[in-house]
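Going line by line, the protein sequences match chains Y and C. Letter 97 of the first sequence, counting from 1, is numbered 97 in UniProt numbering, and no numbers are missing. Letter 167 of the second sequence, counting from 1, is numbered 167 in UniProt numbering, and no numbers are missing.
In case anyone wonders, no lab produced these hints; they're calculated from the structure. Everything hinted at is true.
Among the chain Y residues that face chain C by a calculated CB cut under 8 Å, a handful are: (1) 42; (2) 185; (3) 204; (4) 205; (5) 207; (6) 208; (7) 209; (8) 213; (9) 223; (10) 225; (11) 227; (12) 228; (13) 230; (14) 231; (15) 233.
Computed from a prediction, not measured in an experiment: that's the story for all the values here. The beta carbon of each residue, even a glycine, is placed where N, CA and C say it ideally should be.
Listed below, chain by chain, are the residues.
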Amino acid sequence: MTPVLEARDLAKTYDTGGAKVFALRGIDLSIESGEFVAITGPSGCGKSTLLNLLAGLDRPTSGQVWLDGERIDQLSETELARLRRRKVGFVFQFFNLMPTLSAAENVELPLLLVGRGRKEARRSASTLMSDLGIGDKQDAAPAQLSGGEQQRVALARALANSPDIVLGDEPTGNLDSVAAREVLTLLRAARDRGQTLLLVTHDARVAAAADRVINLRDGLVSDQTELQPARPVAFPFDGDSG
Amino acid sequence: MRPLFLALLADDSRYGYELKQSLEQEFGEMLPAMNAGQVYSTLARLERDGLVVGRSVEGDSRRKRMYELTEAGQAELSSWIEAPVPGARLKDEFFMKFVVVVAAGLAAPMKLIERQRREYLQSLRDLDAVLADGGKGPTAELMVEGAVLHLKAGLEWLDLIEQRLAVGAESA
Numbered sequence: 001m002t003p004v005l006e007a008r009d010l011a012k013t014y015d016t017g018g019a020k021v022f023a024l025r026g027i028d029l030s031i032e033s034g035e036f037v038a039i040t041g042p043s044g045c046g047k048s049t050l051l052n053l054l055a056g057l058d059r060p061t062s063g064q065v066w067l068d069g070e071r072i073d074q075l076s077e078t079e080l081a082r083l084r085r086r087k088v089g090f091v092f093q094f095f096n097l098m099p100t101l102s103a104a105e106n107v108e109l110p111l112l113l114v115g116r117g118r119k120e121a122r123r124s125a126s127t128l129m130s131d132l133g134i135g136d137k138q139d140a141a142p143a144q145l146s147g148g149e150q151q152r153v154a155l156a157r158a159l160a161n162s163p164d165i166v167l168g169d170e171p172t173g174n175l176d177s178v179a180a181r182e183v184l185t186l187l188r189a190a191r192d193r194g195q196t197l198l199l200v201t202h203d204a205r206v207a208a209a210a211d212r213v214i215n216l217r218d219g220l221v222s223d224q225t226e227l228q229p230a231r232p233v234a235f236p237f238d239g240d241s242g
Numbered sequence: 001m002r003p004l005f006l007a008l009l010a011d012d013s014r015y016g017y018e019l020k021q022s023l024e025q026e027f028g029e030m031l032p033a034m035n036a037g038q039v040y041s042t043l044a045r046l047e048r049d050g051l052v053v054g055r056s057v058e059g060d061s062r063r064k065r066m067y068e069l070t071e072a073g074q075a076e077l078s079s080w081i082e083a084p085v086p087g088a089r090l091k092d093e094f095f096m097k098f099v100v101v102v103a104a105g106l107a108a109p110m111k112l113i114e115r116q117r118r119e120y121l122q123s124l125r126d127l128d129a130v131l132a133d134g135g136k137g138p139t140a141e142l143m144v145e146g147a148v149l150h151l152k153a154g155l156e157w158l159d160l161i162e163q164r165l166a167v168g169a170e171s172a
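If we strip away everything but chain C, and leave its shape as in the complex, we get:
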């Protein structure tokens, strides 16, 4: 969340509630409802770290603070923009569970694969319903398309795991 705040403050200083509004506009339902407390605690931490500075606006009876980027904030934003997000996704919750549970003999491997396949298929159905329904806006739709591709990859991976399992059983 922090770098998003920094990026939103890059072109102009803003009030906390403006940041909240911008994020909600951009990401729609992709964001869970953000309460004001979360926004201000994030801003407080950014300010503590010297990345933003908040000023009370004169004549504003609501005594809201207007936030702007510091030089350190600008530098942090630049390095965030320049660094690509990590490519390889080696961390996978299902796979860690699978390895540990199977190694300890706590469940049949096929049962784990089947349950996971069900979940992925059901999730794919859920996401396709979002796309068929429309009305989420182009940004949310692109995000859903990305999630769909990951699910398809997940299903292919389950097939591969199942296949290796079968080969392992034959050669054992």
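Same shape as in the complex, but just chain Y:
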């Protein structure tokens, strides 16, 4: 089976006035359809750089990126933008909603951009927002919504075009613990419906929800963990009856 997203010996070097910074030093990575993968690691390990390269938002110094069987690291900006609109959904730490559009219009936007009709876009957005528990927020401006609600709108927008993969950069990073839990529940639900997810996170709870956790250190994969379905929890008590 063709992986949805693949990195081959991916490297990125930044030239900061003579001093070379090796952000990524050869990453091999393959995301299969339906997988939920989390990338973790300390700040400066290269995880955000990796996400930008995989999303085609930045270009590698060497190596290749393949999206749905197509090599994308050498495409033009126009081709990349077109590909992203059809195949990739994004969720960001700071939601990145259009402040002048209503919540529903934000969700409709990616549908309109790929040429869907206005009525159809409205219908899809409405259904998606109801599924994510924000059906009553369609006419609200982003600024009127709580952080958790804004991130749900962003998630609805990311899912609108049924993308091959949803990429997330710290999607719970700016939320309180209750809102973070709700967004995580929705991400899990999206995965359960077969959505492929790749999230960069330093939130251990988000990482623990993934099927596979990739740990980066100094621009290299330092560890990979396949997590098993949740095991039953035994609640030990003191145990000491003496």
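Here the structure of chain Y is known, so what remains is to put chain C in place on it, guided by the hints.
The following block gives chain C in isolation, referenced to the frame of chain Y:
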């Protein structure tokens, strides 16, 4: 377990099986199934130490004993209530294992860290499933939230250990 029994006996005398029921009600699945033997052996030890006294109830054909707190038991309960539980958790099973195994060169330090990280992540997943599932009751949920926070701290600690290890390797 002993101070819990004393606390349950503070307001009223009770039968052994009532103590068992109260604990089960309060803590639900947090407690492993307690058998009657454990309950009665705990009560027997408390009685031996003069902290509770058991009396046979007249007219009760089952000849069950009703337990009540003695003055010494009351005093023991009070000092237990007044003393906070220790704050610093310096004892850590993984860290002791890590130090001994690495010092003796019995395993690669990174392998130990990776395995432990996996276990903590998996445990976090297990506990989050309990919370997502609901139905355990507010007390159990609070306990799980506490365990989640400890796991997150454990993961951060593993990162720190790994970092120090890398710095140590560079300066060596």
